[in-house]
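S.K.: Sequence order for the protein chains is G, F and B.
When we follow full-length UniProt numbering, the leftmost residue of the first sequence carries the number 1, and every step to the right adds one.
When we follow full-length UniProt numbering, the leftmost residue of the second sequence carries the number 1, and every step to the right adds one.
When we follow full-length UniProt numbering, the leftmost residue of the third sequence carries the number 1, and every step to the right adds one.
These are calculated hints, taken from the structure and not from any lab test.
This structure is a prediction, so every number in the text was calculated from the model and none was measured.
For every residue, glycine included, the Cβ atom is placed at its ideal position computed from N, Cα and C.
Treat the hints with caution; some may be incorrect.
[To be verified] Some chain F residues well away from chain G (every beta-carbon gap over 10 Å; in silico):
| id | residue |
| --- | --- |
| 1 | Pro16 |
| 2 | Glu150 |
| 3 | Pro246 |
[Claimed, not checked] Covered stretches of chain B, as calculated for chain G (at least 3 residues, CB under 8 Å):
| id | region |
| --- | --- |
| 4 | 59-65 |
| 5 | 77-87 |
| 6 | 137-143 |
| 7 | 156-164 |
| 8 | 185-196 |
[What the hints assert, rightly or not] Taking beta-carbon pairs under 8 Å as the criterion, some of the chain B residues facing chain G (in silico):
| id | residue |
| --- | --- |
| 9 | His19 |
| 10 | His37 |
| 11 | Ser38 |
| 12 | Gly42 |
| 13 | Gly122 |
| 14 | Tyr215 |
| 15 | Val219 |
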Amino acid sequence: MDRTPRTHPRKSASFDDYTLSEIRRAAATGIYDIRGGGAKRAVPHFDDLLFLGASVSRYPLEGYRERCATDVVLGDRFASKPIHLKIPITIAGMSFGSLSGQAKEALGRGASAAGTSTTTGDGGMTEEERGHSDLLVYQYLPSRYGMNPRDLRRADAIEIVIGQGAKPGGGGMLLGQKISPRVAGMRDLPEGIDQRSACRHPDWTGPDDLEIKIGELREITDWRTPIYVKVGGSRPYYDVALAVKSGADVVVLDGMQGGTAATQEVFIEHVGLPTLACIRPAVQALQDLGMHRKVQLVVSGGIRNGADVAKALALGADAVSIGTAALVALGDNDPRWADDYADLGTVPGAYDDWHEGRDPAGITTQDPALAARLDPAAAGRRLANYLKVMTLEAQTIARACGKSRLSNLEPEDLCALTLEAAAMARVPLAGTDWIPGRGGF
Amino acid sequence: MCGIVGLFLKDRALEPRLGALLSDMLVTMTDRGPDSAGIAVYGAPRPGRARITVQSSAPDTDFPALAEALARFDAEVAAKSTHAVISLDAPRLAEVRAAAEAVGAIRVMSAGEAVEIFKEVGLPAQVVDRFGIRAMAGSHGVGHTRMATESAVTTLGAHPFSTGPDQCLVHNGSLSNHNNLRREMLREGVRFETENDSEVAAAYLTARMAAGRSLGEALDDALTGLDGFYTFVVGAKSGFGVLRDPIACKPAVLAETDQWVAFGSEYRALAGLPGIETARVWEPEPATVYFWER
Amino acid sequence: MPVFDLAEQPLRALNAALHASGGDNGRFEVLNPRGAHSVAVGVEHPCEIEVMGPVGYYCGGMNEAGEITVRGSAGPGLAENMMGGRVVVEGDASQYAGATGHGGLLVIRGSAASRCGISLKGLDIVVGGSIGHMSAFMAQSGRMVVLGDAGEALGDSIYEARIYVRGTVKSLGTDCIEKPMRDEHRAEVADLLEAAGIAADPADFRRYGSARKLYHFDVDHADAY
Numbered sequence: 001m002d003r004t005p006r007t008h009p010r011k012s013a014s015f016d017d018y019t020l021s022e023i024r025r026a027a028a029t030g031i032y033d034i035r036g037g038g039a040k041r042a043v044p045h046f047d048d049l050l051f052l053g054a055s056v057s058r059y060p061l062e063g064y065r066e067r068c069a070t071d072v073v074l075g076d077r078f079a080s081k082p083i084h085l086k087i088p089i090t091i092a093g094m095s096f097g098s099l100s101g102q103a104k105e106a107l108g109r110g111a112s113a114a115g116t117s118t119t120t121g122d123g124g125m126t127e128e129e130r131g132h133s134d135l136l137v138y139q140y141l142p143s144r145y146g147m148n149p150r151d152l153r154r155a156d157a158i159e160i161v162i163g164q165g166a167k168p169g170g171g172g173m174l175l176g177q178k179i180s181p182r183v184a185g186m187r188d189l190p191e192g193i194d195q196r197s198a199c200r201h202p203d204w205t206g207p208d209d210l211e212i213k214i215g216e217l218r219e220i221t222d223w224r225t226p227i228y229v230k231v232g233g234s235r236p237y238y239d240v241a242l243a244v245k246s247g248a249d250v251v252v253l254d255g256m257q258g259g260t261a262a263t264q265e266v267f268i269e270h271v272g273l274p275t276l277a278c279i280r281p282a283v284q285a286l287q288d289l290g291m292h293r294k295v296q297l298v299v300s301g302g303i304r305n306g307a308d309v310a311k312a313l314a315l316g317a318d319a320v321s322i323g324t325a326a327l328v329a330l331g332d333n334d335p336r337w338a339d340d341y342a343d344l345g346t347v348p349g350a351y352d353d354w355h356e357g358r359d360p361a362g363i364t365t366q367d368p369a370l371a372a373r374l375d376p377a378a379a380g381r382r383l384a385n386y387l388k389v390m391t392l393e394a395q396t397i398a399r400a401c402g403k404s405r406l407s408n409l410e411p412e413d414l415c416a417l418t419l420e421a422a423a424m425a426r427v428p429l430a431g432t433d434w435i436p437g438r439g440g441f
Numbered sequence: 001m002c003g004i005v006g007l008f009l010k011d012r013a014l015e016p017r018l019g020a021l022l023s024d025m026l027v028t029m030t031d032r033g034p035d036s037a038g039i040a041v042y043g044a045p046r047p048g049r050a051r052i053t054v055q056s057s058a059p060d061t062d063f064p065a066l067a068e069a070l071a072r073f074d075a076e077v078a079a080k081s082t083h084a085v086i087s088l089d090a091p092r093l094a095e096v097r098a099a100a101e102a103v104g105a106i107r108v109m110s111a112g113e114a115v116e117i118f119k120e121v122g123l124p125a126q127v128v129d130r131f132g133i134r135a136m137a138g139s140h141g142v143g144h145t146r147m148a149t150e151s152a153v154t155t156l157g158a159h160p161f162s163t164g165p166d167q168c169l170v171h172n173g174s175l176s177n178h179n180n181l182r183r184e185m186l187r188e189g190v191r192f193e194t195e196n197d198s199e200v201a202a203a204y205l206t207a208r209m210a211a212g213r214s215l216g217e218a219l220d221d222a223l224t225g226l227d228g229f230y231t232f233v234v235g236a237k238s239g240f241g242v243l244r245d246p247i248a249c250k251p252a253v254l255a256e257t258d259q260w261v262a263f264g265s266e267y268r269a270l271a272g273l274p275g276i277e278t279a280r281v282w283e284p285e286p287a288t289v290y291f292w293e294r
Numbered sequence: 001m002p003v004f005d006l007a008e009q010p011l012r013a014l015n016a017a018l019h020a021s022g023g024d025n026g027r028f029e030v031l032n033p034r035g036a037h038s039v040a041v042g043v044e045h046p047c048e049i050e051v052m053g054p055v056g057y058y059c060g061g062m063n064e065a066g067e068i069t070v071r072g073s074a075g076p077g078l079a080e081n082m083m084g085g086r087v088v089v090e091g092d093a094s095q096y097a098g099a100t101g102h103g104g105l106l107v108i109r110g111s112a113a114s115r116c117g118i119s120l121k122g123l124d125i126v127v128g129g130s131i132g133h134m135s136a137f138m139a140q141s142g143r144m145v146v147l148g149d150a151g152e153a154l155g156d157s158i159y160e161a162r163i164y165v166r167g168t169v170k171s172l173g174t175d176c177i178e179k180p181m182r183d184e185h186r187a188e189v190a191d192l193l194e195a196a197g198i199a200a201d202p203a204d205f206r207r208y209g210s211a212r213k214l215y216h217f218d219v220d221h222a223d224a225y
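Excised from the complex, chain G in its bound form (with noise of 0.2 Å):
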């Protein structure tokens, strides 16, 4: 018997077994892999940021006597009927046709119980957003998927949208399994054919012409409603300036942790800023042309609890938006469906092939069967519970650190954890007063 001591197998890191069963996958459809959600890879976040409370130097402020506003007005640059949110945490935007009708309803249930917004997506407004959402952003997309007019004019706001953090510089793409009759209709499209939407408005490229666009839908819209840019994170300085010379009322600003309902892995996990990257260059800009706090900054990609919502306002934001996050309040990759996970190859918690509309929690689909195990009613309500808390958690820091409003967090309140995260929100190592970078980005 030959004793020779044997070598432990060892597998590459770099040709881990998800990059593995990636090339074999590749290899066998001949097509690259199409997903929903954002990048799963970790970035530095906000988890690396830690508040500084009060102590001796500073004082907190108590729990319940003691106020700790919340409220945040947008679009009050030029928009005669600015919008008032009583939290400063937003629904981004998720068309109906990635999301059932039931899950639109249920948004805009649990959003109006919270006051605070939320927002179409690619393919048009539905009755069931519209009429369960006391604010709706009415979302202005390159494809102009059901744009029209009147919708226009019954928005609260109107939301140009430039990217996503899931992929700046892409367009939209829904599978054709999700083109039921009715998102057909709603997009003059045949039925059960792949979507494709542009990566580029169709009558203006760049900050000259946005700026005559934003102009256009002013005067249509008789210049009540307040007009929002979002951007995807790449260049947030520059876009952020470019949204504020156009005309822009409100930025709003999607790091690479933003979901989406369907794009290429590749994009996805390959292209953009994290979050945390993404905010101080953008506030920088609204300092340096004197509009911080006058053309409000919206965060969004990766916001999960009331920390990250206070460590985002912290930085500079305005407000916040979650997507990913209202979704999981609402039923998506809950442990409860696991079976019907494990039938799809995959388990709660990791499931994001929400462009084949197959979603067992009824939730990224439009077959009628699937999408009536969501009840809009019980699940509005469980995202106004969570929309709730996290404002609570907010207020919780904020107190901590002496604030009576939410949006007097300043980035002097926190310390970061790792140097890349003290670079990147320009905050201090923890312990030390020191900025690595500063000076520049």
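Keeping the supplied structure of chain G fixed, place chains F and B upon it in accordance with the hints.
M.R.: Same frame as chain G, now just chains F and B:
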């Protein structure tokens, strides 16, 4: 972590004693702020004349140089330890100020028709003696003893802060949004000498007044613009005001007789004032602007 | 008839008046447009608008019921996302004319530049002259009739829109092919020409549309993506 005092005289017969009364009040607040002390005294304006108080860490060389530099402006320089008071023709205030600031290490503490500000590192009793405050006459004044929190113990870090003509502010408390406010005001061209949160509060009020608000209205604005815990006493040419934040944790006592109105962080500061036995004594309400002027 | 002289009055006054006109079938005249943007946008109620000169971007944008005539040329995005009514331009139109239009009729008596009818969603476009490159890109539905020539990449990634061209086509875009003209198509062209008030023989036109090969992913068409 700080002590503040203020005295506003209604009875002109008391004016020669203002410096002495205010000095006693200040010294009783030593425990609350042993790091540094400062005082602002509003003397009688002289027609057509203005005054600038300056400070130098090298007074022996800077002040003679200052007198020489200002000779052409018909300005008089009266040195008092590390400070000097320049008396000048009111219309030439800006030029004289610029000429003074160009000399050595000179810093302007205050400028206006009535106010003189003296502040220095050290115990309040030492600071009062060094500048001869007890001998000063005036209509009203404010004082501050400092226990530094997050900014350095320096002359410039001491209160009162003056960011506008005849304006001054003393502060007890801790602001929580001063970094953001400072950044905004810096962009609007406001100059700051220190990292002190109280200087931000003073500059905020000055900016509101520059935008056309009265001092009382500017204090109202501060209730929404400034966050944190604060008691302010602010001085202006015609009087002084008091403001506490809506939570009102930091101590404050007001007393009033027919002869005067006085403010102290503690009653101890008021105990030596003439007629205190029969004065109306009360704690100012939260988020309420108090103002006295003549 | 209300007259808006844009040399004297702001654009806002014009559009506010058009929005307030409330279906009274009024007539409006616009003087001195001088290339102004967003002239007569979002017209919701039936009315006639005559613009006496060249306009800039987005004239007639999102028009629902207006009968808009431009006695001059039009800048980019003419009648973009138009829903109904009619927009007629006597001169040429710049790029993106009729972009994403959903309904109504757009008539350009001169030529249109690039991307005419991009992302078309039901609007009918009749062009007296020629159209530029990338016209009818991703056009979903609606019809285009072109009396002159078409530039490069006509109908790239086209869905169900129908294109009729009398002149030459420099090149067809991906998934766009020529299709046979049958009687129903000639009748369609005749109707559109009549509606546009332009005389031509429908028999002279050729028809282009989707090969529908991009409707579902196929690895062997990957070079087209």
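S.K.: Would you mind marking each hint as holding or not holding in the structure?
M.R.: Now the hints, each set against the structure:
1. Once the 10 Å rule is applied to beta carbons, Pro16/F is consistent with being away from chain G; the minimum gap is 40 Å.
2. The non-interface label for Glu150/F is inconsistent with chain G: the shortest C-beta to C-beta separation is roughly 5 Å, within 10 Å.
3. Consistency note on Pro246/F: stated as away from chain G, yet its beta-carbon is not over 10 Å from all of that chain's, at 7 Å minimum.
4. Only when three residues or more bring their CB closer than 8 Å to a CB of chain G does the claim for the region 59-65 of chain B stand; here the count is 3, and the claim holds.
5. Three residues within the 8 Å Cβ limit are the bar, and the region 77-87 of chain B against chain G gives 4, so the coverage statement holds.
6. For the region 137-143 of chain B, the proposed coverage by chain G is satisfied: 4 residues have a C-beta within less than 8 Å of a C-beta in that chain, meeting the threshold of three.
7. Counting residues of the region 156-164 of chain B whose C-beta lies closer than 8 Å to any C-beta of chain G gives 3; at least three are required, and the coverage claim holds.
8. Proximity of the region 185-196 of chain B to chain G, defined as three or more residues with a beta carbon under 8 Å from a beta carbon of that chain, is not established by the 0 residues found.
9. With 8 Å as the threshold, the beta carbon of His19/B comes within range of chain G, its nearest partner Cβ sitting at about 6 Å, so the hint holds.
10. Residue-level restraint check for His37/B holds (minimum Cβ-Cβ distance to chain G is 5 Å; threshold 8 Å).
11. Residue-level restraint check for Ser38/B holds (minimum Cβ-Cβ distance to chain G is 4 Å; threshold 8 Å).
12. Given hint, Gly42/B at the interface with chain G, holds; its Cβ is 3 Å from that chain's nearest Cβ, closer than 8 Å.
13. The interface hint given for Gly122/B is met, as the beta carbon of that residue sits about 6 Å from the closest beta carbon of chain G, less than 8 Å.
14. Given hint, Tyr215/B at the interface with chain G, holds; its Cβ is 4 Å from that chain's nearest Cβ, closer than 8 Å.
15. Taking 8 Å as the C-beta contact cut-off toward chain G, the hint placing Val219/B at the interface holds, the least distance being around 3 Å.
Hints 2, 3, 8 from the earlier list are contradicted by this structure; the remaining hints agree with it.
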